[in-house]
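Asker: Residues per chain are reported as follows:
2 protein chains.
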Amino acid sequence: MSIFLPASRRSRRCWYLLVLCCLTWGAGHAETIKSPNGQLTLDFSLGQGGVPTYSFTYKGRPVIKPSTLGLELKDTPNLLDGFTITGTKTATVDETWQPVWGEVKNIRNHCNELAVTLTQAATKRTLLLRFRVFDDGMGLRYEFPRQPELAYFVVKEEKTQFALAGDHKAFWLPGDYDTQEYSTVTSKLSQVRGLMKAATTPNSSQTPFSPTGVQTPLMLKSQDGLYINIHEAALVEYSCMSLDLDDKNFVLTSHLTPDAVGNKGNLQTPCHSPWRTVIVSDRAGDILESKLILNLNEPTKYTDVSWIKPTKYVGVWWEMITGKSTWAYTNQDNIKLDSIDYNKVKPNGTHAANTAHVKEYIDFAAQHKLDAVLVEGWNIGWEDWFGNHKEYVFDFVTPYPDFDIAELNQYAHAKGVKLIMHHETSGAARNYERHLEAAYSLMNKYGYDAVKSGYVGDILPLGEYHYGQWMVNHYLYDITEAAKHHIMVNAHEAVRPTGLARTYPNLIGNEAARGTEYEAFGGNNADHTTILPFTRLMGGPMDYTPGIFQTKISAYNPQNTSFVHSTLARQLALYVTMYSPLQMAADLPETYNKFLDAFQFIEDVAVDWDDTHVLEAEPGDYITIARKAKGQSSWFVGSTCDENGRTSNIDLSFLDPGKKYVATIYADAKDAHYEKNPQAYQIRKVNVTRKSKLTQYCAPGGGYAISLMEAGR
Amino acid sequence: MSIFLPASRRSRRCWYLLVLCCLTWGAGHAETIKSPNGQLTLDFSLGQGGVPTYSFTYKGRPVIKPSTLGLELKDTPNLLDGFTITGTKTATVDETWQPVWGEVKNIRNHCNELAVTLTQAATKRTLLLRFRVFDDGMGLRYEFPRQPELAYFVVKEEKTQFALAGDHKAFWLPGDYDTQEYSTVTSKLSQVRGLMKAATTPNSSQTPFSPTGVQTPLMLKSQDGLYINIHEAALVEYSCMSLDLDDKNFVLTSHLTPDAVGNKGNLQTPCHSPWRTVIVSDRAGDILESKLILNLNEPTKYTDVSWIKPTKYVGVWWEMITGKSTWAYTNQDNIKLDSIDYNKVKPNGTHAANTAHVKEYIDFAAQHKLDAVLVEGWNIGWEDWFGNHKEYVFDFVTPYPDFDIAELNQYAHAKGVKLIMHHETSGAARNYERHLEAAYSLMNKYGYDAVKSGYVGDILPLGEYHYGQWMVNHYLYDITEAAKHHIMVNAHEAVRPTGLARTYPNLIGNEAARGTEYEAFGGNNADHTTILPFTRLMGGPMDYTPGIFQTKISAYNPQNTSFVHSTLARQLALYVTMYSPLQMAADLPETYNKFLDAFQFIEDVAVDWDDTHVLEAEPGDYITIARKAKGQSSWFVGSTCDENGRTSNIDLSFLDPGKKYVATIYADAKDAHYEKNPQAYQIRKVNVTRKSKLTQYCAPGGGYAISLMEAGR
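Sequence order for the protein chains is W and F.
The working numbering numbers the first residue of the first sequence as 1 and each following residue consecutively.
The working numbering numbers the first residue of the second sequence as 1 and each following residue consecutively.
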């Protein structure tokens with residue numbers, strides 16, 4: 001018998017040793033990994049009864065106290081306890097990648113990884129927990145390897161705990177299976193229950209699930225000044241996660257969106273959950289600068305991305321939102337697409353998407369170097385599109401008689417402008433899928449390269465929810481089918497983004513929060529845009545549709561008493577603070593023509609960036625961000641503040657060394673006020689370098705925008 | 001003022017008079033229509049409280065006693081009572097039309113119609129009840145005109161009563177939202193409740209709903225010898241109806257299939273329910289000869305029907321059903337279509353749909369002048385296709401590595417044979433729709449002109465049922481999309497047919513009952529085929545797949561102890577008694593080659609007909625039918641009987657006058673018996689004319705088949 005075993009047998013022997021070693025691991029044994037900079041620590045161990053447990057600290061301060069992990073399964077034993085550790089593996093990732101579009105040119109993905117293999121002896125099943133710790137937070141996910149005892153299974157509930165260290169201040173929305181269009185409530189966690197009812201304002205489709213349920217991204221601030229953000233990354237073939245709060249112990253537990261029969265996930269091994277993410281810092285700006293969620297998504301699946309282009313656009317939209325005009329071509333109610341003859345029905349005279357009027361938008365876009373014009377209400381069916389659970393609500397290919405699709409595209413293209421397609425589904429997902437190929441083909445035929453889609457109202461078939469696995473699958477299907485046609489997608493009322501645009505960069509935008517439209521439906525809180533970047537935008541860009549200069553809605557529709565809770569100057573700032581590769585100039589050309597000096601900022605501002613610096617930030621109070629235009633020397637700064645107003649002090653050290661810039665500052669006038677005097681703004685030009693400092697007043701509900709153009713260019 | 005009003009004003013005046021007249025009609029006022037022959041009478045009146053009520057008699061004998069009509073609606077007042085009659089209109093229809101394929105060349109649609117307009121004063125809503133009375137029964141439906149107070153509405157339940165005159169004998173299946181594959185129970189209505197549990201045998205997807213719920217077509221026989229059949233016609237954009245029995249009073253009430261949230265219909269005016277049909281006669285054969293259900297369907301919507309062709313086929317199917325071979329190419333479990341590489345997985349050696357083997361079927365079909373060969377198991381995914389609620393279960397376009405789709409179609413076409421496509425959906429309706437266009441296009445590419453589709457297992461998304469409105473819509477979508485590709489559809493596990501093939505004649509077949517496959521799953525009752533034509537087949541043809549000659553399943557698979565509950569001779573009879581334009585010779589060529597004398601009948605028998613006579617019939621006991629081949633002088637007779645055996649006495653007066661025929665009689669041998677001696681048959685030839693009479697013994701579970709060829713042809 002030789003002492004020297006052949007290599008293959010040696011490795012097998014090592015494996016045995018590893019197994020033996022593993023089998024001795026039980027409750028109490030802890031695995032630890034740290035962030036690359038050493039300041040963040042994740043501990044994993046098995047608690048009493050073999051319950052997977054983790055905790056997470058930042059600079060020695062508790063972020064997540066010991067919290068359990070696991071899943072309840074349907075009709076089969078749970079994956080909650082009875083585990084032993086049968087393997088661990090650590091790794092370090094350090095790579096830099098370039099997004100197709102984004103806030104920065106290069107993104108560094110730098111983390112330490114721990115993969116723990118858990119075996120449940122009683123069921124002979126294996127579960128793998130993968131943790132990644134970055135300098136700005138952590139991600140964890142469940143992985144279900146292919147194995148004889150676990151092929152297909154149904155998740156009854158995921159039980160991922162986030163045990164918080166105290167009664168933090170939270171920026172939260174009511175947890176809901178169907179809508180994210182609530183106003184953010186800022187309160188202590190202990191106050192959530194008491195505020196829930198008032199926070200759950202009416203919506204076109206809504207299914208709140210718990211008196212303490214909240215949505216992600218959930219932004220938190222501890223009393224000792226830690227900023228904590230909880231969300232998920234890479235939501236694919238799984239249900240969207242909300243969080244249910246134990247408001248005695250401040251423990252959040254995952255709560256998945258069910259299907260019609262209450263199941264929360266139909267899975268087949270090998271598979272994994274999305275990542276559950278905790279981003280943390282003692283500086284609020286770090287939260288906004290974090291690329292952790294993108295880093296936890298897969299690289300793009302597309303080989304050719306040349307057709308994906310950040311876009312600035314105007315649209316036939318705000319005039320309908322305000323009630324000045326209509327999507328519908330007639331005032332007829334109760335119509336059927338397969339029997340109505342629009343040529344025989346009297347037009348209502350208020351239909352905005354008519355050829356002559358759309359040309360005005362095209363002219364304006366061409367004049368001001370905007371890329372595109374969105375047109376809503378171009379297609380038949382808008383007379384009774386909503387609220388009837390009607391399946392064949394739109395066909396997505398037939399224009400109203402007064403919308404000349406061929407002529408308008410020709411007209412636009414001749415002026416270097418594109419039209420953006422609009423597909424409202426009214427929640428009838430099957431009907432949309434049936435027409436998808438024809439609809440995308442029509443777009444190709446006429447040269448549309450982007451579509452805004454919508455899911456207003458309850459999902460059909462009833463019982464499915466906007467954020468369930470069935471619809472998560474649908475939204476991604478739309479995106480990948482669109483990619484085959486080289487079409488970019490901006491999906492409204494779809495599930496909230498989780499960084500998927502890294503993998504599918506034609507997902508150029510989402511709504512998934514209370515957008516500017518609500519300024520015409522009663523208004524957004526004045527601090528709304530100081531919060532959204534910390535919450536909704538953590539997962540991906542939002543088509544917020546800023547740029548409303550006529551803040552009194554009654555100017556467009558005397559019946560509408562809403563007003564925009566923002567100064568005009570702040571509307572400009574949003575093009576910088578609300579990052580998106582798709583930016584709308586949402587107001588009407590007739591209004592912009594009255595404020596062309598201010599509109600100049602919208603014309604100039606970039607929609608894709610090489611660099612980004614968060615200069616100042618405090619959720620709920622203010623955000624000031626500087627960004628450098630993609631491939632150019634120009635920078636843009638935006639600052640938004642809450643209803644109290646403030647003075648912003650920034651230095652311009654982010655500017656390129658050795659260069660001189662002309663700064664054009666679009667700021668609130670001294671007497672500006674989001675409610676009383678929103679249109680009072682001043683524009684001034686100053687020469688600056690990276691050594692310059694700026695002190696700038698922001699009115700209540702105000703802000704400022706700065707374009708910094710290299711001097712002499 | 002002139003006495004002579006202009007025509008337009010005169011007609012308006014008449015209308016006023018009509019309205020005045022109508023307004024005086026209240027409870028008690030009855031409307032009556034009779035059948036064209038005067039023997040059937042339908043009475044309609046408003047009962048106490050303005051409740052719509054009808055009754056129906058046959059030759060003065062009550063068929064339906066006073067029964068109420070109406071609907072419960074959701075979130076809005078019901079349409080059950082409070083009505084006044086505000087209009088009535090009668091009409092007579094008498095027309096003759098030719099089906100694209102069928103049992104007879106010409107069909108006469110002859111009936112009297114009564115349309116009653118009902119107004120519910122309290123809600124200002126209008127409901128129209130339309131009745132049609134034929135010589136063989138009646139139909140009624142609800143029509144919901146377009147009106148201001150009723151645009152979109154949700155049906156909570158339809159409340160159509162059928163109050164029977166007594167405790168009839170019933171041929172019934174347990175009411176179920178998902179399956180019709182139960183054995184028929186023959187019992188008194190009063191015995192239904194007691195027999196329900198035993199009748200509800202396990203199925204791959206099943207949702208029984210009531211201890212007295214039964215399906216339609218429901219066949220009944222009264223103690224005084226009236227044959228009554230209750231079903232529905234033209235089920236479109238509505239939920240499939242079952243019947244719930246009040247077993248004290250023998251009143252059946254409609255029970256619709258719900259959606260995931262319990263709604264039973266999403267409707268938009270103008271619209272109507274399917275027809276509710278009652279076919280009645282004192283001669284059982286009249287039920288089988290009735291064309292009432294077809295007459296209540298709309299004429300075909302297709303202008304070109306030249307591509308629709310009745311088809312006789314063999315198939316790679318029975319060998320998998322018996323367990324002799326497999327659909328799957330490997331024995332791997334837990335596979336994913338998007339990651340498995342079949343070229344790297346070990347084949348199991350039992351995969352039937354391989355190129356060489358399929359060629360044997362093609363050769364056999366060509367040799368025996370059969371039109372086509374069905375091949376199941378040709379496409380990837382069969383390793384774990386069932387029972388997992390897996391959505392991406394098949395792609396419908398990728399063959400297994402051993403199935404050369406191009407070569408096989410070329411080979412078949414060169415021999416004048418077509419291949420029939422197979423699309424099992426596993427209930428994943430969305431997945432099927434996503435692949436439908438590619439799947440049908442693939443069929444066009446290779447020259448397939450028919451598809452057998454299947455819906456085994458629960459419908460996805462869960463909560464939807466096989467017979468709900470959502471799936472009813474899906475099945476018709478498949479049919480109309482197929483028509484665009486000139487493809488015929490034979491849908492298994494789909495909703496039961498309701499005569500829709502008149503309108504969409506590419507719906508060439510359905511399963512929707514317990515077919516021959518159950519002979520390999522424990523067996524069908526010996527009287528099964530004496531009942532099916534009175535129940536399942538009333539709505540349309542069934543792909544029953546007869547022709548099993550090797551009745552011991554163990555001959556193919558030693559593990560399978562099932563046997564076919566039929567003699568071999570009776571298997572031949574089914575090609576005549578079980579009308580279908582799509583007929584399979586379901587057994588294996590290797591078996592047919594051992595019984596080529598008997599197979600001659602299958603080779604000869606027609607699949608499309610100019611004329612049909614039901615010579616003898618008693619549900620549950622026996623059926624003897626004669627049919628004349630389309631465009632030919634030959635006739636075919638089939639006779640099936642129950643487990644008791646009998647002697648059939650028929651005369652051949654249906655034969656054409658002045659012609660001489662050679663009758664080839666395929667009959668049970670004297671010692672034949674469906675269980676003990678099923679393969680004992682005799683074939684004899686005799687010369688006959690229309691004056692001939694035939695006395696023919698049928699063994700228990702037996703029958704006979706006759707081909708009648710004009711002498712000298």
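Be a bit skeptical, because a hint or two may be false.
A pair holds if it fits inside one copy or across any two, identical chains being indistinguishable in the list.
[What the hints assert, rightly or not] 25 Å max Cα-Cα, derived DSS-like pairs, lysine-lysine: (1) Lys156 to Lys336; (2) Lys484 to Lys445; (3) Lys346 to Lys691; (4) Lys301 to Lys336; (5) Lys89 to Lys169.
Keep in mind that the hints were calculated from the coordinates and are not lab data.
Asker: Hint by hint, work out which the structure violates, then give me just those numbers in ascending order.
Answerer: Checked against the structure, the hints that fail are numbers 3, 5, while the rest are satisfied.
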